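Q: Sequence:
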Amino acid sequence: MTNTIQHSILIFNYNETILESRNTVLCNTILGQKISLKEKNIKGILVSLREAPYSPFVKEDPNLANLVTQLEKLSQAIDLPIAIGDYKKDTFTYLKKLSANTSVKLFQNINTALLFFNPSALKKELAVLIYDDDKENADKISSELIKLGYSIVHAHDAEDFKLKASAKKYDMTITHTAINQSKSKVSATQSLGLSRQLIMNLPVFIDTAVNSLVTITGLEAQKIKHEIRPFNEKIPPQVIIAAMKFKGEISGSFFLIFPRELALIALEAMLGESLEADDTAAIVDGVAEFCNIITGSAKAIFSNKKLKVLFELPKTYLSLQVALNDTLGSNGVWIDMQLDEKPFYMFITK
Numbered sequence: 001m002t003n004t005i006q007h008s009i010l011i012f013n014y015n016e017t018i019l020e021s022r023n024t025v026l027c028n029t030i031l032g033q034k035i036s037l038k039e040k041n042i043k044g045i046l047v048s049l050r051e052a053p054y055s056p057f058v059k060e061d062p063n064l065a066n067l068v069t070q071l072e073k074l075s076q077a078i079d080l081p082i083a084i085g086d087y088k089k090d091t092f093t094y095l096k097k098l099s100a101n102t103s104v105k106l107f108q109n110i111n112t113a114l115l116f117f118n119p120s121a122l123k124k125e126l127a128v129l130i131y132d133d134d135k136e137n138a139d140k141i142s143s144e145l146i147k148l149g150y151s152i153v154h155a156h157d158a159e160d161f162k163l164k165a166s167a168k169k170y171d172m173t174i175t176h177t178a179i180n181q182s183k184s185k186v187s188a189t190q191s192l193g194l195s196r197q198l199i200m201n202l203p204v205f206i207d208t209a210v211n212s213l214v215t216i217t218g219l220e221a222q223k224i225k226h227e228i229r230p231f232n233e234k235i236p237p238q239v240i241i242a243a244m245k246f247k248g249e250i251s252g253s254f255f256l257i258f259p260r261e262l263a264l265i266a267l268e269a270m271l272g273e274s275l276e277a278d279d280t281a282a283i284v285d286g287v288a289e290f291c292n293i294i295t296g297s298a299k300a301i302f303s304n305k306k307l308k309v310l311f312e313l314p315k316t317y318l319s320l321q322v323a324l325n326d327t328l329g330s331n332g333v334w335i336d337m338q339l340d341e342k343p344f345y346m347f348i349t350k
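The opening position of the sequence shown corresponds to residue 1 in my numbering, with each subsequent residue numbered one higher.
Warning: the hint list may mix true and false statements.
[Said to hold, decoys possible] With a straight-line Cα cutoff of 27 Å, these simulated DSS-like cross-link-like pairs (lysine-lysine) come out:
1) K140 to K234
2) K245 to K168
3) K123 to K38
4) K234 to K350
5) K73 to K34
6) K315 to K299
7) K135 to K350
8) K306 to K147
9) K223 to K247
10) K34 to K162
11) K123 to K247
Keep in mind the hints are simulated off the structure, nothing from the lab.
Here the structure is a predicted model, which means the values were calculated and not measured.
Sequences are here, hints too, so could you generate the full structure?
A: Here is the structure:
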């Protein structure tokens, strides 16, 4: 076997037939480098099966199962994440089954490993297209990448994947990937104070906001960036805010924040007529209606996912400070958006 280091990721090329004895040699070799790995600031390990003569027609391969088991123990021993990569697509389903209750990850290639193991090696705000016919797995991948700061587009089925892939050039496309998490480690969602279900379904709110606003206003909408943080106070003072609490299998609060000038533009685009710029009541009602439309679309998607979520009526604010007080300083996901190339914002918290 040969090994190399790329962008602080140690890559072992498993270029022989997979056997239990060779698995042991591989793991012992890596274990013997434990101190060196720390000194070299290695972020993770990728075991590449690109040149391993494994046959996908072998339904139950004990040697491949043994590799997963040994890599799981090794990951705990050296306190570094480990992934298997460069596998044939036909092999993925079996590997996914073998690794389901472990922390061994499945990355289709080194670029995918970089996304998760060493995101600082890549440019900010990569546009990533994700597709997996296992929707729960796709949601896990999406939520993890969102936390890392990437811009995610989630294809909902094979046809949608083809359409999205042909309509726009993405920095990276992810399929046949699994980011298994060790059950012994504290979940990142717990440290954020956000539920796992809420984190997993953040793309729903982002996608529905973009699609809904494009549909009802005819203006171009897009997500710019997001970050995990409390409510951002450093936004224009003249804003109109609508918020809705939701509960059920997913619970939290959704805040839609529009600068007053953009709210007027969007509302006029939706209605197809001019409004008085000083008609505060109409503008506030308009932002509340935008909030209703976005969350209504999100609720429909949750229903298709068999998730029961109930949204309350929107609460509106003209005072940034009052809205800020209602968040109780909680961590959440702050999302910078644009409509007609002008900024607006969303905040989702527990």
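Q: Kindly indicate which numbered hints from before are broken by the structure, ordering the numbers from low to high.
A: The structure conflicts with hints 1, 2, 10 and 11, although it agrees with all the remaining ones.
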